[in-house]
Structure formats: C-alpha cells, structure tokens
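There are 2 protein chains.
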Amino acid sequence: MRIKNLLILLCCWPLLSLAKSVTISSPNGQIQVIVADDGSPHYQVNFAKQAVLNPSKLGLRFLQTAEFGQGFHIEKVSTAQSDSEWQLPWGERKNVRDNHHELLVVFANKATPASQHHHFAVRFRVFNDGLGFRYEVPKQAGLTKLDITNELTEFTIANDHNASTAWWIPARGWNRYEYTYRTTPLSDIDRVQTPFTLKLPSGIHISIHEAALVNYASMTLNQQRANVFKADLTPWSDGILVKTHAGFHSPWRTIQISNNAVGLLNSDLILNLNEPNKLGDVSWVKPGKYVGIWWAMHLGEKTWGSGPKHGATTKETERYMDFAAKYGFDGVLVEGWNIGWDGDWFHNGDLFNFTKSFPDFDLQAVTDYGKKLGVKLIGHNETSGSVTNYRRQMKAAYRLYQKMGISQVKTGYVADGGHIKRIDNNGITRYEWHDGQFMVGEYLHSVTEAAKYHISINSHEPIKDTGLRRTYPNWISREGARGQEYNAWGTPPNPPEHTAILPFTRMLSGPMDFTPGIFNMSFHGLRDDVNRPQTTLAKQLALYVVLYSPIQMAADLPRNYEANLPAFQFIRDVPTDWQQSKALAGEVGDYVVFAREDRHSSDWFLGALTGKNARSVTIKLDFLDPSKHYEAQIYRDGDKANWVTKPYDLVIEKQQVNADTKLTLKMVASGGVAIRFKALD
Amino acid sequence: MRIKNLLILLCCWPLLSLAKSVTISSPNGQIQVIVADDGSPHYQVNFAKQAVLNPSKLGLRFLQTAEFGQGFHIEKVSTAQSDSEWQLPWGERKNVRDNHHELLVVFANKATPASQHHHFAVRFRVFNDGLGFRYEVPKQAGLTKLDITNELTEFTIANDHNASTAWWIPARGWNRYEYTYRTTPLSDIDRVQTPFTLKLPSGIHISIHEAALVNYASMTLNQQRANVFKADLTPWSDGILVKTHAGFHSPWRTIQISNNAVGLLNSDLILNLNEPNKLGDVSWVKPGKYVGIWWAMHLGEKTWGSGPKHGATTKETERYMDFAAKYGFDGVLVEGWNIGWDGDWFHNGDLFNFTKSFPDFDLQAVTDYGKKLGVKLIGHNETSGSVTNYRRQMKAAYRLYQKMGISQVKTGYVADGGHIKRIDNNGITRYEWHDGQFMVGEYLHSVTEAAKYHISINSHEPIKDTGLRRTYPNWISREGARGQEYNAWGTPPNPPEHTAILPFTRMLSGPMDFTPGIFNMSFHGLRDDVNRPQTTLAKQLALYVVLYSPIQMAADLPRNYEANLPAFQFIRDVPTDWQQSKALAGEVGDYVVFAREDRHSSDWFLGALTGKNARSVTIKLDFLDPSKHYEAQIYRDGDKANWVTKPYDLVIEKQQVNADTKLTLKMVASGGVAIRFKALD
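One line per chain: the protein sequences are P and H, in this order.
Every letter in the first sequence is one number past the one before it in the working numbering, and letter 350, counting from 1, is 350.
Every letter in the second sequence is one number past the one before it in the working numbering, and letter 349, counting from 1, is 349.
Next comes chain P alone, as it looks inside the complex (with noise of 0.2 Å):
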C-alpha cells in the first residue's frame, strides 16, 4: 500500500472567519466531492462534470450536547492516496483493488464559548466507481457517553424530481426487508432502504448504501423535501437512535455511481470500506452448494413441528445425506430439529433449545452417517427474534454443534419489524428493530461467536450486509430480501421482475441465499395468478449464476431433480466461488448477464435472466481465456418457453467456443440462459 499527499483545492483558505470548501476527485478523476462549511458542512458530488450529489448536509445530534453541524467550520484538512490490492479467501473475486484518495475534513465550533469547543472529521474516500464517507468523533474534553438522537447526513440528488427512476423497498415495516421491489419516480418515495438505486435523467445510475456497519444504527433514508434524503437511523427500544461514547466513528455512508446499470455490478466499493479479516486463518470456512429439509415444509408436504409430517427425523435426514453424496452436495440443511416448533414460536421464541432435539432426529446418528458419505449437517437456529433466549444457549450451542462436526449455521429471526423480544438489566422485556443498532450487535456477536467454534453463520431475517464479510469472513451468506420460500406462499409471489432488480439493488451489499432451483413449478398450477417461482426453468439455473452466494441451495425436493438430471446437471457442475466475475450487460428490472471464473478450474460460467419482457442479448466471450477453447454447455428457454404456460420448455445444447466468439442470448419474458464454459485445454 503506498500512501502520499495528495493536491487538493482549497477555496478561501487564508480568510479564516469565510466559509471554506475542499475538493478531493477519484484517481481517475471522475468523480468530484467538494466539502465546504458555509452554514453549516456539507458536501456535494460531480461525476463526469455532472451534478449528482447537489449540496447535502453532515452533522449529528446528541443528547448530551449541542448539534456538532450549525457553527463548525472546517479546521483542518489532509489527504491521503492509496492504491493496493487485497485477496477475498472465497467471493465474486479473489484478489480486490483499493485505489482511492483520501480526504479528512476536521471540522470545529471554534465561535462559540470555549468551554463547549468540540470538534469532529468527516473522512472521505473517493474510488473510481463511488465514495464513501463516515463521522469520526475523537475523545475530546467535555464529551463522553453520546446518545445520537439525529444523523443529519442528506443526500440530495440532484436531478428533476419526477424525472429520475428508482428501485426501492419501504423502510421499519413489519416485513423487513421482504417486499417487492417498487419502481417509480423519486417523488413517490418516502422511507425507504438501502442499497437505494436510481437512475437519473441522464442515465447515471447512483445506489446509496452503507459500508461496515458496526456498533451503530442502520440507515434507512427518508425523503423529507424533493429530492433531499436524510439519514434515518433505526432507533433503539427507547428511542435513542446510537447508544455511543466520544471516540466512535460511524459506519461509511457509501454512494456507488456509474454512467450505467452495470457499472454497479462491477464494483468492490463496499467490501474495500470495509476492515481487513479479523479472525486469521479462515481455511475452515467452506464455501459449498447444499440441500435440505425445508421446501418440503414451505409446501405443506413436512412440518417445522413434531407429528406425523414432521420433516427433521432421521430417516429423512439421511435421505437427504445419500442424495447429497450422490449428486455432489456437501451440506444437508435441517429445519425442525429442535425442541421449541411445536409451540406458539411465532409469539414466543423462548420455547426454543438449541441443543435439544426432537425425539425422532438424532443428532449423533446423522452426523455420524454424514462423515461416512462425506457430507456435512448443516445446522438451524430460529430465535423467532427471542435474542435473549438465544444468547443464553449459544455458547453450549455451538460447542454441540462443532463437537457434532456441524461447520455451518443458517440462524432465523422471524419476527414482525420491531418485535425482536430482548430482555433489559431490569428484566423489563423490550422490543427492538432488526436493524436497530441491538440487533447490529447481536447479529455480529452470533457470527464472531461462531467463529470461536469454527462455524459459519448464514443470518435469515438478518440485518442487512454491510460488507463485513471481509472482516468477518464466516458470515457467509444472508438472507435480507425476499427469497424463494415467497413463490411457495407469499401474496404476490415473487413477480419476474424480481431477480431482475435484486442484482442492482440487494445484491449490491453482498451474497444472499435466495435458494434457487425450483424443477417443479406446477404445485399449484400453471397459471399467473397461483403461487409458484413466476420464471422457467432456464431461469431457475441462470439464478445460481446471476445471485451470487459462496453457498448455494439447490431447493426443491429430491425426486423433483431426479425427475430432470439432465437439467439438474448445471446445479451440480456450478462452483460458488469464483476467481473472477464480470457483469456483462444489464438494465434494473429488465435483464442482466454476469460470467463468473470457477476459482479452482479454467471454467466460466454465465447467467443470464430477464424481467417481464423477453430480450435477446448478444455478449462477446472475450473475458474467455483466448488461449483456450471452451465446450459452451448452453442451458436456455425453448423456442416455445412461456413462464406462464411452458416455464419447462428448456434446452440443453453444446457448442464450441473461443474468446472470438459472439453469442446470442435468447431469452423469454422471465426467461434465462445458463451456461458452463468448459475448458478444453
């Protein structure tokens, strides 16, 4: 890494009572963040000579002093550049490049008396594809415990009102993070979630979000006049929005821009505002594909409960394990294994014991079967959002758990949002938001917890990610949007347009475990107005491709893959990690092409998807070796694929390919191409 000063504009600077503004631009220069002190700090954003950020607010309130915004001014300034490359141990890419320049903007209340004199930074790094920026409130005399009762950071885009598109899902609702994506024009928004994206008029494409949220509130935006989005922090229980002290800094507040839709696709920004791995040799956390005990019960076939369609023995267990070993999977997931299903869990997640199992699932027994085949329990927590109950059993939990050889953990929190169950030091029971900032701890002491025990966490209903999967690298994947199990029960079902957005918007903060790979769609019928996955086929296996997850599901039951190895194949060949990957093409909610390089062969794969309307794309190989040649194992809709009527109409075709080569991908409404780039030599 090499750092050095780095020029940068100061307007005014001699005159010390006259606002002040500094200017840092990407390496490329792109990208301009001009801050400046006149009124209170703010900052703007120019990429490409264009406006995308008008002047925009920074500041913070606290309970126990006055506003650090109103009367600071910019004290001092220093710069900084760096330009490195760092390795991802499992993810889209192994090796990630930082280049960035660096800028502190210290900013001081020196007008008023002296004996309330503070101070604090805004530092800023401005990459190629984006910037990021966080508050840094040093010890300083007069400050020590700090309530943060208001963030003021606004991030006023700078466009027409009504002429912008975004994507987006409402903020603090019942439902988490699990809607359906909204596609409207800016003006229509009130509260919602980030990554936030949106496409201004003149085709720049801008996601806000947030990196390395630790120890602090989640921001969620609320758009308080046109155009202007202010921080919104999920407060605690009680309404303080960050319970902190002088010598915290906050999380970045990451803005990603691009002229394009697929600009976002290509960029590391998140995980490089994040801290390097914190927890050393991390060889044990395995990336890997996996079934499991669990679409059953979304069908109604199994219950999570006891009784006789209970789904968690272990016989079936072992079902599971022997089809796994067949086909290539190194995890069975088990939902329903533990004492606590049979209650009322939903409203009182204390019934559950995370070291009990049922009487007819024996826990040494299927571990002990699964060593034989070489496949591994995949363990499942559901707190139903009782966090103090769970805290209490997670030690003895997870010793089991590794003692049982169980490397893996999915954990759930279903709840309704702000109805996480904790109880205080008073023993008073309180409620809190997934995404307060209790449950941001929570959720990362379960995953630092863990890894004590050499367990990898897979948070559902989680908080979403923020990048630390780099810090913490047994965070393996997150649910945090709504997945699969919606197309089994949820009003609506997830409509095909869905996996369009999530790439541009979900998918931006890091992997998720959508489990793809529903074969049979007809359980309700073939109709539109049913619930089922709303795609074919070809887009069932484009999804392991398009949304990336270092582990992957293959969902649906047994006998519905038997019942098509021929298309099952691609489930079985695709890694899920990758030594590099590229979106190709792409439009929010219309299509998106990604090719991804397996990390431990020379082969490419490539997932292609489509929204509501059907699209033929053609896509040079040239990310191919052109040293090599490549059999092209095409999974794609048939000519008469209709996710409606025919979503089964897929065809399996081989081709030779090269680097030279040009293909053309024809896709029908919610359709999909999957291919495996074999290399031949």
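Calculated directly from the structure, the hints in this document are not laboratory data.
Don't be surprised by glycine CBs; every beta carbon is placed ideally from N, CA and C.
It is possible that part of the hints are untrue.
[Unchecked claim] Using 30 Å as the maximum straight-line C-alpha spacing, the simulated DSSO-like pairs for lysine-lysine come out as follows: (1) K582/P - K278/P; (2) K145/H - K243/P; (3) K646/P - K678/P; (4) K94/P - K612/P; (5) K646/P - K628/P; (6) K243/P - K243/H; (7) K286/H - K243/H; (8) K356/P - K315/P; (9) K612/H - K646/H; (10) K145/H - K145/P; (11) K57/P - K421/H; (12) K278/H - K309/H; (13) K110/H - K145/P; (14) K110/P - K421/H; (15) K421/H - K356/H; (16) K145/P - K315/H; (17) K278/P - K49/P; (18) K243/H - K110/H; (19) K278/P - K139/P; (20) K309/P - K403/P; (21) K76/P - K94/P; (22) K145/H - K139/P; (23) K371/H - K286/H; (24) K421/H - K243/P.
[Unchecked claim] Per label pair, the in silico range of CB-to-CB distance: (25) N162/H - Q50/P: 17 to 23 Å; (26) R392/P - K139/H: 55 to 61 Å; (27) S78/H - E301/P: 50 to 56 Å; (28) G525/H - L526/P: 33 to 39 Å.
We have chain P already, so just place chain H on it with the hints.
Only chain H this time, still in chain P's reference frame:
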C-alpha cells in the same frame, strides 16, 4: 344529559382464565365495537354488519415498566350512554347533538408477579357516525413517571388491500401538512398523516384521526403490514414519544364511518370528543372577514422586510383599513410589521421582536385609525419555529396588542419539519417536530395565554386540529394544509382536485384559514403550467362556503376586487358563522356541495365545486325554510368557463326559489357555484 346502564354482551365471562370479549353498539345499532383480550387487548369494528376494522391491537409501552398489552386481560367493564345537546359559540352549527354509548374496559395483568400488577383502561364512545377510544392509565402502586416509547394501537382495515382508495399526505415530512394529496390504493402508503380518509370496496368511507390532542404526541399512522395502520407517535428530539406520569389519558383515537363520502362531512364526532368550553364567557371571540397585507408579498409586489417595497407601512395599512371599512370587512391583517424580517429569519427566528415595529409602521397610529373606521388590526407573530424566543416575549406582546385593541393574532411557525428550535434547561438547542408533544403544548400555551388578553389565535404552520376549539374557543382557525399561497409560488400550485379533497380530509378536523378569493389569476398568464389558482372564479367564491372557517380572508389585492365588484358582492355577503351546515352531495376529490344557514339571518348559502372533471349536480333545496321564499343570487361558471383559459367567465343571475325547488348546478372542471339564498319574507 342522561346516563344509564346499558346492555352489553359478554362472552365467556364466567370463566376467569379464558379470553373475554365485550361488545358495544352505536345508538342506532349500525356500528359494533368488539373488545377482546385473547393474546393481547384488541378491538374490532363492524358497520352495517360488515367488518370495517379487523382485530386491531391496543396497548402502550413505557420506558419505566413492562408493556401494557401482552398478558393483560379484561378485568372489568362498565357502560354508560348519553344523549345531550350543547352549543358552539361559533361554528358550522349552533346546536350539536352528542348521542353515544360508552364502554370502559379495564385491563389488568394478574398473571405476573403481584409486584408488577398494573392496570389500565380503554374508554370507547360509539356514536352513529363513528367512534372514539382513549387510553386511561390511572395512578397506581409502582408507577410514577411514564415515558411512552410505543403506542401499539392498530387500525386494521378490513378489505382487499388494493381495492380501497385512500386520500393522504405523508407524515414526518419537511413541509409538515403542506402537501398535495395523493390518491392511491392503500398498498402504496407507508406513513401517513391524519385525518386519513379512505373508501372501502363496499363504498363505506372511513376517516381515522384523533380528538382532544393535549399533552401527548400527535398520532401518525405507519402501514407496517398490509392493511395494518399502526399508531406512530411523533417523537421528541430525544426519541421519547410522550413524557407523562401515571394518571394520564391519551387523546381520543377516532374513526368516522359512513356509507358514503358525504356522511363524513355531516359529523360532529371530533367536537363531541372534546371537553366543553373552559374559558367561560367568550363573547370577545369574534368570527368575521378580513383583508390584509399578505398576497402582495406572495406575489413579490411587496416585502415582509423593510425597504422600498415594504408592505406593512402605516400608510398601506390605513389604505387597507379604508378598503375594509368601505366593503364591510372587520379586520386587516398585517404581516411584516415587526422587527426581525430583515435578517435570515428562516434560519434564526430569534431575530423576531414581537413588540417593536418597523420605523415605518406606527402601531398606535394604525390602531387608532382603525378604531375610527370600526376596523381592527389583526396581529401577526411569525416565530419561524424559534419558540423559546416567542415564549419569552409572549406576555408582553399580548399585553401590548390588547392595549392596542388587537383581538386576533395570526401566529406562524415557518420552519422545516423537525426544525422547531427550543433551548432546553441545560441551554442546549434542541430541534423538535411541529407535531410532537413539546409543540402540542406550545401551541396550546399560546392559545390559553392569549385568552387571558382576550385575543384569538389563528395558527399557521400549526399542530393539526383535533377539535380543541370547543374547549378553547379563542383558537379561532388555523392552517395545516396547503393554502392559497401555494398558488403564488408552490411547485406545483394546488391542483384542481385539492379543494375537492380537503373537505373530506383536512377539514374533518376543523376550520382552515385557507384564504380564498383570488380574483386575478393571470399574474403569470392563463396557462396550466404557471403559478396561479387552478380554478375558475366561481370556484374561488364557492370556497367561502365549502372550506369552513369562522374567519375568512378576502385574500386578493383591493384593486383586483374593485375591478370586479359584481363578483366581489358574494364575498361581501357571505357570513362566516352558521346556524347549521349540511353537506348535500360529494365524492372525495371529485366534487362537493355544502349548504349553510347564516347564524344571524334567515339566509342560506350554498357552495359547490369540482375537481378535475366537470359535473352537473341537481340539488333539492329542501334545506330551506318551507314557509319562506328566497331570492337565489347565483354565481356560477359561465358556459364557456374553463379554468385554464377562461377562468373569469362567471354568470351572476337571480332566481326565486323555495324549499320545493330543484336546482341544477353546472360546474366546469375545477369550477364552482356560490349561491346566496336571500330570505324574502
């Protein structure tokens, strides 16, 4: 008032540990409210044997103790009924009937350890036109200070989520209540202000609001699950919602219900749920009509600040007083008369001095001048949200005004939402919402303080109306929605449907100082894409009858009225205090027809207006006294009237009518009719 016991239905009453439910009906039996305690306290509402609200939670959470909700059961119930009549000193009607059935349900948590036994009550009052309920938390062992952190009240709309239409403005926004209304399916709503009006697929209209908002936070609604609108109280700057003590009750949560839109308009529910007049003799509170130095500033012809265009000069005020006296107005409003307007008052309301006038405004001289003419000066106190500054000067200011014969003051709290500035006890500047508990108290304080000096208050940028004019009749009017000034400079100006939505939403809460009567709409030309009132002239006249306020402004410049004295005659004739009012017809956003009887003569007045579509409405005049004949003085859209190109095409015609007459009101798009029915015998 008669009170007697009332039959109620109790299910499962004898079995103490089982869930209980209790039902109460409206006097006419149409509305049924069922209160039950299975799981946790909740209620549901039927109307005409149809579910209107499905089971909806009740409860409160506090900082100091465990939730009042979960674990609480019905301990006892009592009932009462009342049918009485009371009088409004001024209003839409003189006599108001209060006919309701009452149910008091006491909930207690007997199951927990005795040391934590608590109880609270919910009091329901069910009228023929809707219901109200409120929480009552009595003094009890172990409870003193109570900070409310969550009100659990839900309103679960019983309908197919997308089949209802709602007319709404967003909550917790920068512009307070000053938004154009959105007309959308319920599913498009996240967080909404009240009154919140919607139409179910069955045609039933409901409007959710609150009554008697005192010492509590304003309630907004958050749609957290489909159809479930949860109370979302506006927080203090420190996140607490309400700071109170055991021995409090909440405002009434109100639900107006009608099988058509018009039924919402003919309801006194909100007033009936307020306390009687606490001010005693209020003969000093005077309804009336006024002109003022106001629109000239919005047009840019004059300025609030001093200088060559200063509006509020002695000379200009006397000119307006001459005009007022000549045409029968009893008040002249002056804005910009006092020190403060020359600086950056929007960001520093502390500049305002409420007793010192600009040098070119001689308060003694103008009030003396007015006295000779029988015209009162109407004071104006713009605080720009610096309420501490206002409070410090309030007594001195009101004392001065009383001495000068000023009996009405328009207050202003122009500040972005969440930017009300107060200095707390530690000298720290805090920023509050206009509708949090703090400001609820500040607005009422200004009213009760003003009452001591026999001054009436017309609050702009107010807390929403909840019927407190019954208890404090000097709270004469208020703003609290987009008013006329948006037509001068708003983006966009108020659209044609705006004043066809207001009666069914904002106006359900009480009077609005909309300031109608703009005669010159051509100040930027006659187009649909410039700032101007988007109405015909007849519609401007109709507003005086449609949008009830005991004080009505003739908002335009004197010269514009003198240029059209025939049309102006209606504004001169229309009273502002009514013996009775009847909404005759209407659909939300489409059109509305009101008839009102003058409180001081036998004349009736009618106002009708349309939204964006033309409409003919035939009205039976059966509201007129059948023993009398009337001259109908009709001000209607001309045959070629068109709000865009021919707004001034107004026909004034006379016709003899009586109670048997049917009148067809032909209105163009965004048009109107205004009629005076002058009693002839």
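To see whether the hints hold, each was checked on the structure:
For a cut-off of 30 Å, the pair hint linking K582/P to K278/P stands: about 28 Å separates their Cα positions. Straight-line distance between C-alpha atoms of K145/H and K243/P comes to about 22 Å, which keeps the hinted pair within the 30 Å bound. A C-alpha spacing of about 29 Å is found between K646/P and K678/P, which places the hinted pair at or below 30 Å, so the restraint holds. With a C-alpha separation of about 34 Å, the suggested pair K94/P and K612/P falls outside the 30 Å cut-off, and the hint is violated.
For the hint linking K646/P to K628/P, the alpha-carbon distance of about 37 Å lies beyond 30 Å, and the restraint is violated. Distance check on the hinted pair: K243/P and K243/H sit about 20 Å apart at the alpha-carbon level, within 30 Å; holds. Our distance criterion of 30 Å between C-alpha atoms is broken by K286/H and K243/H, whose separation comes to about 35 Å. Distance check on the hinted pair: K356/P and K315/P sit about 18 Å apart at the alpha-carbon level, within 30 Å; holds.
Restraint check for K612/H and K646/H: the C-alpha separation of about 15 Å stays at or below 30 Å, so the hint holds. Annotation: proposed proximity of K145/H to K145/P holds, straight-line Cα distance about 24 Å (limit 30 Å). Distance hint between K57/P and K421/H is fulfilled; the C-alpha atoms sit about 18 Å from each other, no more than 30 Å. At roughly 44 Å between alpha-carbon atoms, K278/H and K309/H are farther apart than 30 Å, so this suggested pair is violated.
Of the pairs offered as hints, the one joining K110/H and K145/P is violated, with about 39 Å between alpha carbons and a cut-off of 30 Å exceeded. The hinted pair formed by K110/P and K421/H meets the criterion: a straight-line CA distance of about 22 Å does not exceed 30 Å. Distance hint between K421/H and K356/H is fulfilled; the C-alpha atoms sit about 22 Å from each other, no more than 30 Å. A C-alpha spacing of about 58 Å is found between K145/P and K315/H, which places the hinted pair above 30 Å, so the restraint is violated.
A hinted pair counts as satisfied when its Cα atoms are at most 30 Å apart, and K278/P with K49/P does not qualify at roughly 39 Å. Between K243/H and K110/H, the direct Cα distance comes to roughly 26 Å. Compliance with the 30 Å bound is thereby established for this hinted pair. Only pairs whose Cα atoms come within 30 Å are accepted, and K278/P paired with K139/P is accepted, the gap being roughly 24 Å. Between K309/P and K403/P, the direct Cα distance comes to roughly 29 Å. Compliance with the 30 Å bound is thereby established for this hinted pair.
As the CA atoms of K76/P and K94/P are separated by approximately 38 Å, the hinted pair breaks the 30 Å bound. Of the pairs offered as hints, the one joining K145/H and K139/P is violated, with about 34 Å between alpha carbons and a cut-off of 30 Å exceeded. Restraint check for K371/H and K286/H: the C-alpha separation of about 16 Å stays at or below 30 Å, so the hint holds. Of the supplied pair hints, the one linking K421/H and K243/P holds, its CA atoms being roughly 23 Å apart against a limit of 30 Å.
Take N162/H and Q50/P: their Cβ atoms lie about 38 Å apart, and the range 17 to 23 Å is violated. At about 37 Å, the beta-carbon gap between R392/P and K139/H misses the expected band of 55 to 61 Å. For the pair S78/H and E301/P, the beta carbons lie near 52 Å from each other, so the given range of 50 to 56 Å is met. Taking the beta carbon of each, G525/H and L526/P are about 58 Å apart, not inside 33 to 39 Å as hinted.
In the structure shown, a violation is registered for the earlier hints numbered 4, 5, 7, 12, 13, 16, 17, 21, 22, 25, 26 and 28, in ascending order.
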